[in-house]
Amino acid sequence: MDALFELALINLTTPMILFFALGLLAGAVKSDLAFPEAISKGLALYLMLAIGFKGGVELAASGLTTTVVLTMIAAIIISFLLPFVAYALLRFMTRLDSVNSAAISAHYGSISVVTFVAATGFLTQNNIPYEGFMVAIMALMETPAIIAGLLLARLGMAGAKSSKTPLVSKKLAHEIFLGGSIVLLMGSFVIGWITGSEGMEIMAPAISVPFKAVLSVFLLDMGLLAGRRLGDFGAVGPKLILFGVIMPPIGALFGLAAGYFLGLSVGGIMIFAVLSASASYIVVPAAMRLSLPKANPAIYVTLSLAVTFPFNLIVGIPLYFAAAEFLVSL
Amino acid sequence: MKTGNVKMMELYAKKRIEIVVEQIQLDTLTDVIDAAGGSGYTVVRKISGKGNRGVRSGGALPDIFGNVMIIVIASEDVANEIVSTAHEVMEDIAGIISVSDVQVVRNKHF
Chain A
1 MDALFELALI
11 NLTTPMILFF
21 ALGLLAGAVK
31 SDLAFPEAIS
41 KGLALYLMLA
51 IGFKGGVELA
61 ASGLTTTVVL
71 TMIAAIIISF
81 LLPFVAYALL
91 RFMTRLDSVN
101 SAAISAHYGS
111 ISVVTFVAAT
121 GFLTQNNIPY
131 EGFMVAIMAL
141 METPAIIAGL
151 LLARLGMAGA
161 KSSKTPLVSK
171 KLAHEIFLGG
181 SIVLLMGSFV
191 IGWITGSEGM
201 EIMAPAISVP
211 FKAVLSVFLL
221 DMGLLAGRRL
231 GDFGAVGPKL
241 ILFGVIMPPI
251 GALFGLAAGY
261 FLGLSVGGIM
271 IFAVLSASAS
281 YIVVPAAMRL
291 SLPKANPAIY
301 VTLSLAVTFP
311 FNLIVGIPLY
321 FAAAEFLVSL
Chain B
1 MKTGNVKMME
11 LYAKKRIEIV
21 VEQIQLDTLT
31 DVIDAAGGSG
41 YTVVRKISGK
51 GNRGVRSGGA
61 LPDIFGNVMI
71 IVIASEDVAN
81 EIVSTAHEVM
91 EDIAGIISVS
101 DVQVVRNKHF
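First to last, the sequence lines map onto chains A and B. Here the first sequence stands for residues 1 to 330, numbered as in the working numbering. Here the second sequence stands for residues 1 to 110, numbered as in the working numbering.
Don't take each hint at face value.
Said to hold, decoys possible - List time: in silico BS3-like cross-link candidates among lysine-lysine, alpha-carbon distance up to 25 Å:
(1) A:K239 <-> A:K294
(2) A:K41 <-> A:K171
(3) A:K294 <-> A:K41
(4) B:K108 <-> B:K7
(5) A:K30 <-> B:K108
(6) A:K170 <-> A:K294
(7) B:K108 <-> A:K294
(8) A:K294 <-> A:K171
(9) A:K30 <-> A:K41
(10) B:K108 <-> B:K15
(11) A:K294 <-> B:K46
(12) A:K171 <-> B:K46
(13) B:K46 <-> A:K30
(14) A:K41 <-> B:K46
Simulated from the structure, these hints should not be mistaken for lab results. Every value quoted in this text rests on a predicted model; they were computed, and no experiment measured them.
Take the sequences, apply the hints, and build the full model.
Written as structure tokens, this is what we have:
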């Protein structure tokens, strides 16, 4: 238990988390501190490029093994299954209608890139290696949950006119498979994979050393976004907020179990847990707004951005790491 | 000093439709305009305000709370078609549709 406390403390006193806290505070008190939108987007693009490229280089070093392929399959299954778990839990815990429950569920099956990046930052800080191909795992876990969420919404509205239209419209498919972040992430991953360690030599000055500093700045901005949404807590209600902190550890169990049975390293298991625990607040909200306009965005964005994201960042990351270490020590 | 009425050149009556809609639905609405035979439109991005769904001000990353304004000028027939289809499409979507009478200089452009 002492070790867990120590980990939590190490996690709490990094510039990343402290800048995030500053943003959260500034947002909550409605300070006018704000990043110009172009800079926010620029920072996000930088992070996508950097983690995609690093992941590709790691995969080039390790090669495409059976473990990689099996982990990919497990990731797709987990992302598709988690919305059903979340939906059941929501129906059990709250009185929320089926459309809103389905929309929220999709968020919890999908992943948060920034939580993933923060988790890799935590591992790097503590000199713990992790499998580089987890970047590809992350990209794979983004979309199956959206399809599961739409399926749940359709089952909830049984017999409605909607059953004639395709589950995933052309526009939605374009949004989720060709969105800017996915293209840059996967594109950089492939470039890293092709160019390997020689490519890394060229890119390192831009993407290796400054990475954690840029991440800290970006987290300040994320804190601001999350902090501004704290005002919507009233609309969300205590039961849903409780769901927002119960669901991540439940999701993490799936990632922990899968990572353990696939024989990943401690770092890899922890990352898999983080991915299963995290909730999307960029790709899935856009997809839900497009496909389930009846669901209230103030609920699902607030829940994933202002409840689950800070929870995972502050409590989740050290917790999932301790759980992964415990599993491996068995 | 004598001030006479300014003699205007010949103008043509048209309808001006103004649609405020959440930005993620921009393509849906411009498709409606194209399908109805609208010859073009103007899009104003990054607008904010308050309505029956509360204050809507755009955000940076989950930018689903941002709004856009689409302005279309068209003949009455086309305008009717646009408004009725847009109304159907926007059943569950946040937005405002309004129509006003305007006069344009270049008739053949609309």
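(request) Take a quick look at whether K294 of chain A and K41 of chain A sit within 25 Å of each other, Cα to Cα. (result) violated, 28 Å
(message) Between the alpha carbons of K41 of chain A and K46 of chain B, is the straight-line distance 25 Å or under?
(response) holds, 15 Å
(message) Against the 25 Å threshold, does the CA-CA distance of K46 of chain B and K30 of chain A hold or violate the hint?
(response) holds, 20 Å
(request) Sort out whether K294 of chain A lies within 25 Å of K170 of chain A, counting only the CA atoms. (result) Roughly 19 Å separates the two Cα atoms, so the pair holds.
(request) For the pair supplied as a hint, K108 of chain B and K7 of chain B, confirm whether the alpha-carbon distance does not exceed 25 Å. (result) Between K108 of chain B and K7 of chain B the Cα gap is close to 22 Å, so the pair holds against 25 Å.
(request) Below or equal to 25 Å on CA atoms is what counts here, so check K239 of chain A against K294 of chain A. (result) holds, 21 Å
(request) Measure nothing beyond the straight line between the CA atoms of K294 of chain A and K171 of chain A; if it is 25 Å or shorter, mark the hint as holding. (result) Between K294 of chain A and K171 of chain A the Cα gap is close to 18 Å, so the pair holds against 25 Å.
(message) Would the hint linking K30 of chain A and K41 of chain A be met if the CA-CA limit is 25 Å?
(response) holds, 21 Å
(request) Assess, step by step, whether the Cα of K171 of chain A is no farther than 25 Å from the Cα of K46 of chain B, and give holds or violated. (result) Roughly 22 Å between the alpha carbons, so the hint for K171 of chain A and K46 of chain B holds.
(message) Next pair to validate is K108 of chain B with K294 of chain A; report whether the Cα-Cα distance is within 25 Å.
(response) Violated, at roughly 40 Å.
(request) Please work out if K30 of chain A and K108 of chain B have their alpha carbons no farther apart than 25 Å. (result) violated, 50 Å
(message) Check the hint pairing K294 of chain A with K46 of chain B against an upper bound of 25 Å on the C-alpha distance.
(response) Status holds; Cα separation ~23 Å.
Hint check: violations occur at hints 3, 5 and 7; the rest are consistent with the structure.
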